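I would like the entire structure built from these sequences, with the hints used as guidance.
Number of protein chains: 2
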Amino acid sequence: MQHRRVQRPPRIVVLGAGFGGLTFCQTFRHPTAEIVLIDRQNHHLFQPLLYQVATAALSAPEIAQPIRAILCDVPNLNVHLAEVTDIDVAARTVTSEAGVFDYDYLVVALGGRTTYFGHPEWEKFAPGLKTLDDAQRIRRELLMAFEKAENTSDPDERRRLMTIVVVGGGPTGVELAGACSELAHTVLRSDFRRIDPAHAKIILVEGSPRLLGQLPESLGQEAHDRLVEMGVEVRCGVRVLDIRKGEVHLAEGILLAENILWAAGVGASPLAAKLGCEIDRAGRAKASQDLSVPGHPEVFAIGDIVALVDKDGQVVPGVSPAAMQAARHVARQIEDELEGLPDARRPFDYWDKGSMATIGRSAAVAKMGSLELTGFPAWAAWLFVHLVFLIGFRNRVAVMFQWAYSYFTYKRGARIIYGLRRPS
Amino acid sequence: MQHRRVQRPPRIVVLGAGFGGLTFCQTFRHPTAEIVLIDRQNHHLFQPLLYQVATAALSAPEIAQPIRAILCDVPNLNVHLAEVTDIDVAARTVTSEAGVFDYDYLVVALGGRTTYFGHPEWEKFAPGLKTLDDAQRIRRELLMAFEKAENTSDPDERRRLMTIVVVGGGPTGVELAGACSELAHTVLRSDFRRIDPAHAKIILVEGSPRLLGQLPESLGQEAHDRLVEMGVEVRCGVRVLDIRKGEVHLAEGILLAENILWAAGVGASPLAAKLGCEIDRAGRAKASQDLSVPGHPEVFAIGDIVALVDKDGQVVPGVSPAAMQAARHVARQIEDELEGLPDARRPFDYWDKGSMATIGRSAAVAKMGSLELTGFPAWAAWLFVHLVFLIGFRNRVAVMFQWAYSYFTYKRGARIIYGLRRPS
Chain X
1 MQHRRVQRPP RIVVLGAGFG GLTFCQTFRH PTAEIVLIDR QNHHLFQPLL YQVATAALSA
61 PEIAQPIRAI LCDVPNLNVH LAEVTDIDVA ARTVTSEAGV FDYDYLVVAL GGRTTYFGHP
121 EWEKFAPGLK TLDDAQRIRR ELLMAFEKAE NTSDPDERRR LMTIVVVGGG PTGVELAGAC
181 SELAHTVLRS DFRRIDPAHA KIILVEGSPR LLGQLPESLG QEAHDRLVEM GVEVRCGVRV
241 LDIRKGEVHL AEGILLAENI LWAAGVGASP LAAKLGCEID RAGRAKASQD LSVPGHPEVF
301 AIGDIVALVD KDGQVVPGVS PAAMQAARHV ARQIEDELEG LPDARRPFDY WDKGSMATIG
361 RSAAVAKMGS LELTGFPAWA AWLFVHLVFL IGFRNRVAVM FQWAYSYFTY KRGARIIYGL
421 RRPS
Chain D
1 MQHRRVQRPP RIVVLGAGFG GLTFCQTFRH PTAEIVLIDR QNHHLFQPLL YQVATAALSA
61 PEIAQPIRAI LCDVPNLNVH LAEVTDIDVA ARTVTSEAGV FDYDYLVVAL GGRTTYFGHP
121 EWEKFAPGLK TLDDAQRIRR ELLMAFEKAE NTSDPDERRR LMTIVVVGGG PTGVELAGAC
181 SELAHTVLRS DFRRIDPAHA KIILVEGSPR LLGQLPESLG QEAHDRLVEM GVEVRCGVRV
241 LDIRKGEVHL AEGILLAENI LWAAGVGASP LAAKLGCEID RAGRAKASQD LSVPGHPEVF
301 AIGDIVALVD KDGQVVPGVS PAAMQAARHV ARQIEDELEG LPDARRPFDY WDKGSMATIG
361 RSAAVAKMGS LELTGFPAWA AWLFVHLVFL IGFRNRVAVM FQWAYSYFTY KRGARIIYGL
421 RRPS
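Protein sequence lines, in the order shown, are assigned to chains X and D.
Here the first sequence is numbered in the numbering used here, starting from 1 and rising by one per residue.
Here the second sequence is numbered in the numbering used here, starting from 1 and rising by one per residue.
Worth flagging that the hints you see were computed from the coordinates, not collected in a lab.
Hints are not guaranteed to be accurate.
In silico DSS-like links for lysine-lysine, alpha-carbon gap of 30 angstroms or less [as the list claims (entries may be wrong)]:
#1 X/K130 to X/K411
#2 D/K286 to D/K274
#3 D/K274 to D/K311
#4 X/K245 to X/K130
#5 X/K124 to D/K124
#6 X/K274 to X/K286
#7 D/K274 to D/K124
#8 D/K411 to D/K148
#9 D/K274 to D/K245
#10 X/K311 to X/K286
#11 X/K148 to X/K311
#12 X/K148 to D/K130
#13 X/K201 to X/K130
#14 X/K130 to D/K286
#15 X/K148 to D/K274
#16 D/K148 to X/K274
#17 D/K286 to D/K245
#18 X/K411 to D/K130
#19 D/K148 to D/K201
#20 X/K411 to D/K201
#21 X/K130 to D/K148
#22 D/K274 to D/K130
#23 X/K148 to X/K245
#24 D/K124 to D/K311
Remember, predicted model here, so these are calculated numbers, not experimental data.
Okay, structure coming up:
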């Protein structure tokens, strides 16, 4: 596509202020082009630490940063807090709560959402973890289960209240199960008089034969062994047939649990279907190698909304480094095109920085290049990487303090239930 | 009352884990007596800093501490997270969501709630500030008003969206108005591209002729002058006739404002009426000088639920030091009575430690004994007192860090809106 002659400066509309959308806005440089960024929240959320908000280790504002504050120095940029309701790639317009925007370029970075393998009715009984509201709801229900257990005298009911089932053995499921185990077995240990939270049962259910399928088998086994040591019951190769209120139905029987957490299915934003290209089973847009949408070179899709094989034939995973690299790639291409440079379009080359998951205190697994780490070194690497990528000096210091506090005292500060009562 | 011979150890039921109830549990000492503490939340809330959560300076968990964690070392104590629904002083029972409890002594420390001078219908349009949920709702609506203003092009609507009316010129109203002014005029200043939050209008309305009626007139005037300097429009001697959605009706006209915050009326918990004694206009129980309820020497009322003149004829105000002193007084009396000591009942002697209100950056007013402070010294004293009384080492460090951060950067970290969207 040639640099189109337009009366007004070229306008780039960016949808979503996750890792992809934000990185685009931070790295795109052009003297006149105008950027319009639309997000349904006022904050960028550091999703990798969301499970710590859900398990009361961190408070919500510590892993979020106002979008306007992050981008306040970027010139020619307008932020709109609005839900996007439609994309019309033929008319080149985006419809949102804040009005209709036309664009010269569109960068779709709307991210993923929890999916239930065709069973949306499970959502009510097994919440997923995508937003701060999800995390606060899960925190409330986890803490309330122990409160209810303290107030009941029926041993079966007490057992049910003190059981947590985590569905999905990827990084989120492993981290959630580990954090739930620490919450129950360590943090809450001395809080109650009639129940012993150390007797809480945490069950991790995974459909495939092992945990952490995207990491080498030895690391999956390490995570498995550490979770079992921490008192988590790990069940691999087990399929979930049905989920009802407080019940997980497996082929081998029914698990009764007050809390069922869903960490199994990630799909794309339903707006992917509006891009007019092929979508895969998870609802992700099948983009071209330059990250544009086939037939619409002015529309790019990056991050969890896109299904992509890079130029080396590598499947690009739905992780934040991939979204950030894709954002930079798209920014360079648009800059070059607006400058009228030749060969502005290039295939995306994903650089796999590795992958990691934390299990608990001083326990994690990590793969970086050919390096495989476990135990304390992996855990230290995990801490370091997460602090570096967390946005905002204030958040980094606050999170570092909370972690140090929890590490040395075995306590967690954010064990606060709100949203419990209707306004009085 | 003589020490009653009972088969089981004496049981003391405490209602409410605010400053009064918590102090009672922390200071009461008896080898066998059993304490049952019932609260409708799982946390003790440091209400004096609630306005900072509402104005995005602090996050909710920083001013709250789990009750179980605070009291985990107190022997013979059970905590129940439950709403109290009835008190039967004749049958000596308390009914709650967690069941019916009988007692030998009852300590009622249920605190206050926002009241609307006989206009409960105003609550919907002018939220009060009593709980973390209130604070989060106000924070969301304050921040959303600026987001909406950024998206509108109608100048009248923009002006309305950027107007905040605070009703009530006591400490809470003064602190809220000052904090709203700082939020709009300093913190949000560079966040927006189309609106200038510095043009936001904050109006403080007070019915009596001056601010901070409980402090000396010179300090009320000081607060008034500092607020005006900060761009707050202060209107004293003005009565609110009606409140509707986005409208405050005064004799002199109607104020149009997206946000109306109510800091005017504090009344007692409606359960005060169950104590079978006289109640005052604010719904507070008129207790005897030993803090028991007339006719029921085994029932004590402390804190904001009680209307009291102490033995020197001094009206005991509804502030946390009064609740804490009353709690200690009641604890000593019950201990002595259980020991069979003579003269176990004594009139309560309130020691007025003073009163203070912060207005903004380096600006506060304080009265301690005969000492009157303004400006930086008052502000430093305010910081010191609030950090000392905030419960929990973690919270103290976290709040100190947030304050230092805000002081040096003119930013606020907790500008995060959640609860904005229905789950997707």
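Inset, instruction - Take the C-alpha atoms of X/K148 and D/K274, compute the straight-line distance between them, and say whether it is at most 30 angstroms. - result: holds (27 angstroms)
Legend entry - Given hint D/K130 paired with D/K274 - CA-CA distance at most 30 angstroms: Holds, at roughly 22 angstroms.
Legend entry - Agreement of X/K148 and X/K245 with the hint, judged by alpha carbon distance not exceeding 30 angstroms: holds (16 angstroms)
Legend entry - Proposed proximity, X/K411 with X/K130 (alpha carbon, max 30 angstroms): The given pair, whose Cα atoms are some 25 angstroms apart, holds under the 30 angstroms limit.
Inset, instruction - Would you check the hint for X/K311 and X/K286, treating anything up to 30 angstroms between C-alpha atoms as holding? - result: It holds: about 14 angstroms lies between the C-alpha atoms, which stays within 30 angstroms.
Inset, instruction - Take the C-alpha atoms of X/K130 and D/K148, compute the straight-line distance between them, and say whether it is at most 30 angstroms. - result: holds (25 angstroms)
Legend entry - Given hint D/K124 paired with D/K274 - CA-CA distance at most 30 angstroms: With Cα atoms ~27 angstroms apart, D/K274 and D/K124 stay inside 30 angstroms; holds.
Legend entry - Distance restraint between D/K124 and D/K311, which requires alpha-carbon spacing of 30 angstroms or less: Between D/K124 and D/K311 the Cα gap is close to 40 angstroms, so the pair fails against 30 angstroms, i.e. violated.
Inset, instruction - Given the hint that X/K130 pairs with D/K286, test it: the Cα-Cα distance must not exceed 30 angstroms. - result: violated (51 angstroms)
Legend entry - Pairwise hint evaluation, D/K201 against D/K148, where the allowed Cα distance is 30 angstroms at most: Cα-Cα ~16 angstroms, so holds.
Legend entry - Restraint check for X/K201 with X/K130, where alpha carbons must lie at most 30 angstroms apart: It holds: about 24 angstroms lies between the C-alpha atoms, which stays within 30 angstroms.
Legend entry - 30 angstroms Cα cutoff - pair X/K245, X/K130: Status holds; Cα separation ~21 angstroms.
Hints 9, 11, 14, 17, 20, 24 from the list above are not met by this structure, while the remaining hints are.
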